[in-house]
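Trainee: Take a look at the letters that make up each chain.
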Amino acid sequence: MSPFHFDGLVWHWPIAIYLFLAGVSAGAISFAILLKHFKLGKDAYKSGFIQAACIIAPLAVFAGLGILVLDLTKPFDFWKILVFYNSTSVMSVGVAVLMIYQLILFAWLICVFKEPVLNWCNGRWPLLIRLLNALVKHEPSITGFLAIFALSLGAYTGFLLSALTTYPMLNNPVLPLLFLISGLSSGAAGTLLGGVLLKGDPDGKEVHFIHNIEIPIILVEMVLLFTFFIGLILSGGQSKIAAMRAIGEGFWGWVFWGGIVVLGLSLPLAFNLFMKASSKRKFSYVAITASCSLIGVLLLRNFILYTGQMTVA
Amino acid sequence: MKNSRRLFLKSACAVVVGASGYTIAKSSTESVEMDGKKYALVHDETKCIGCDACSIACREVNQVPEGVSRLEIEREGPYGEYPEQYFRFTRKSCQQCEDAPCVKVCPTGAAYKDPETGIVSVNSWKCVGCQYCIAACPYQVRFINPVTHAADKCDFCKETRLKEGRLPACVSACPTQALTFGDLKDPDSNLVKVLKTAPNYRSKTELGTRPKVFRIASQEGDITL
Chain A
1 MSPFHFDGLV WHWPIAIYLF LAGVSAGAIS FAILLKHFKL GKDAYKSGFI QAACIIAPLA
61 VFAGLGILVL DLTKPFDFWK ILVFYNSTSV MSVGVAVLMI YQLILFAWLI CVFKEPVLNW
121 CNGRWPLLIR LLNALVKHEP SITGFLAIFA LSLGAYTGFL LSALTTYPML NNPVLPLLFL
181 ISGLSSGAAG TLLGGVLLKG DPDGKEVHFI HNIEIPIILV EMVLLFTFFI GLILSGGQSK
241 IAAMRAIGEG FWGWVFWGGI VVLGLSLPLA FNLFMKASSK RKFSYVAITA SCSLIGVLLL
301 RNFILYTGQM TVA
Chain B
1 MKNSRRLFLK SACAVVVGAS GYTIAKSSTE SVEMDGKKYA LVHDETKCIG CDACSIACRE
61 VNQVPEGVSR LEIEREGPYG EYPEQYFRFT RKSCQQCEDA PCVKVCPTGA AYKDPETGIV
121 SVNSWKCVGC QYCIAACPYQ VRFINPVTHA ADKCDFCKET RLKEGRLPAC VSACPTQALT
181 FGDLKDPDSN LVKVLKTAPN YRSKTELGTR PKVFRIASQE GDITL
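Going line by line, the protein sequences match chains A and B.
Per the working numbering, residue 1 is the first one in the first sequence, and the count goes up by one each step.
Per the working numbering, residue 1 is the first one in the second sequence, and the count goes up by one each step.
To be clear, the hints were calculated from the coordinates, so they are not data collected in a lab.
A quick note: this is a predicted structure, and the numbers were derived from the prediction, not measured.
Don't take each hint at face value.
Keeping only pairs whose Cα atoms sit at most 30 Å apart, straight-line, the calculated BS3-like set for lysine-lysine is [claimed, not checked]:
| hint | chain 1 | residue 1 | chain 2 | residue 2 |
| --- | --- | --- | --- | --- |
| 1 | A | K39 | A | K199 |
| 2 | A | K74 | B | K163 |
| 3 | B | K10 | A | K137 |
| 4 | A | K74 | B | K126 |
| 5 | B | K10 | A | K114 |
| 6 | B | K104 | A | K74 |
| 7 | B | K10 | A | K74 |
| 8 | A | K114 | A | K205 |
| 9 | A | K39 | B | K10 |
| 10 | A | K80 | B | K104 |
| 11 | A | K74 | B | K92 |
| 12 | B | K158 | A | K240 |
| 13 | B | K158 | A | K80 |
| 14 | A | K80 | B | K113 |
With the hints as extra help, turn the sequences into a complete structure.
Mentor: Dropping the structure here:
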């Protein structure tokens with residue numbers, strides 16, 4: 001069986017990249033919210049890490065949606081998804097979540113960068129300033145809704161696949177949780193990598209804060225991955241065949257054990273624990289750890305999408 | 001301040017959980033009873049000789065482009081030694097599920113169940129080609145029509161032969177009368193009579209799709225565990 005072409009394959013790698021980007025966006029903005037709320041407060045916009053998260057979140061979600069539209073067989077008819085809704089369709093609900101998410105995302109970005117925007121306005125455009133102040137007044141509500149919609153978006157990427165009864169490996173209740181958690185960890189990695197590239201302090205309090213959350217997230221991700229496959233194997237029948245085909249010998253088995261378990265989970269966990277123990281964090285440590293996490297999550301999305309479609313119920 | 005934020009988060013979560021729970025509960029308990037017909041098909045595998053007259057007629061009548069097909073006869077075998085050789089033939093086409101996964105997942109409602117005939121159909125104008133239905137169909141019978149770029153599949157000739165008041169093309173074309181088409185709700189129909197007299201099975205019922213293509217099992221071939 002060729003790893004990228006086989007019977008029953010419907011969705012190809014563009015969908016995996018879309019799922020990855022949606023997760024990165026949701027994860028990055030979740031960490032930006034946490035950083036602002038617990039560590040940085042009003043001066044959040046000065047931090048390279050907040051800036052990175054606030055650039056990554058909208059760009060990733062736009063790029064993901066762009067890929068999704070181009071992947072349709074009728075790209076110019078994409079507006080029909082926005083006009084017609086079907087409440088039983090995970091995709092339809094997901095589109096609604098994505099639209100609202102983007103709206104709230106921009107409202108929140110405006111709140112975070114209120115001061116630089118006001119300075120730039122420099123007293124001009126009074127209407128804009130009034131609008132801005134009105135938004136800022138509701139910042140707590142906007143933050144709350146953004147957190148809820150970011151988590152919904154992260155989970156949606158998993159529900160999209162777990163709704164498919166055709167494939168026993170995808171039709172799995174652990175998948176949405178796995179995608180949510182790995183999405184958060186990819187968002188953290190994206191924020192860290194972007195932050196140090198934007199001249200953020202690699203030993204700053206933001207990095208300490210994110211690393212402290214990242215360690216338990218990686219551990220939970222490992223537990224979820226374990227539960228995911230043990231659950232499939234214990235279910236027997238086609239589920240067991242699907243699991244063994246995915247993580248057994250072959251191209252995707254190498255991707256799983258080498259790319260996801262070692263490079264994407266174990267190495268970042270080891271680096272994080274090492275950085276926690278040794279006092280000083282350096283640019284190269286932070287950047288390499290974050291890159292490993294990002295590659296691991298990207299591989300996980302492709303691995304689940306392709307191997308999931310290999311076995312039919 | 002802190003309390004109001006907490007209250008807000010709690011109530012917002014309650015609204016989200018309530019709304020999604022309601023949607024899911026509604027969709028699972030809803031069984032829309034229509035006054036219309038409920039068309040179904042029986043494929044008698046003991047009579048099928050695998051001549052492909054049905055699939056050729058289907059392509060002709062529904063103008064199905066080359067490279068894709070709404071109906072295929074799958075051949076298994078041969079079993080036994082010449083001259084006592086047998087094949088087993090099964091029909092691969094839309095199973096006309098009562099609880100159709102394709103209808104559930106379609107984001108625009110382009111995949112729908114026609115209330116008058118019970119036939120799962122495609123509105124090719126509404127279809128955007130996301131291919132979610134193709135992935136969701138456990139029978140793997142949906143495809144993208146290379147001409148319309150929309151999802152396509154067997155609709156019991158709803159737009160062609162049924163409109164003219166005739167039987168589906170495959171049923172008329174079958175030389176051994178292996179196919180019986182009719183209304184499940186009509187107790188006097190041939191379809192119901194066949195279903196009541198011959199033991200039959202349906203494919204992948206364990207997935208809860210409740211298909212309306214019934215099969216009378218071929219007695220030939222090996223027994224597999």
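Trainee: Please flag the earlier hints that this structure goes against, numbers listed from lowest up.
Mentor: Hint check: 7, 12 fail, others pass.
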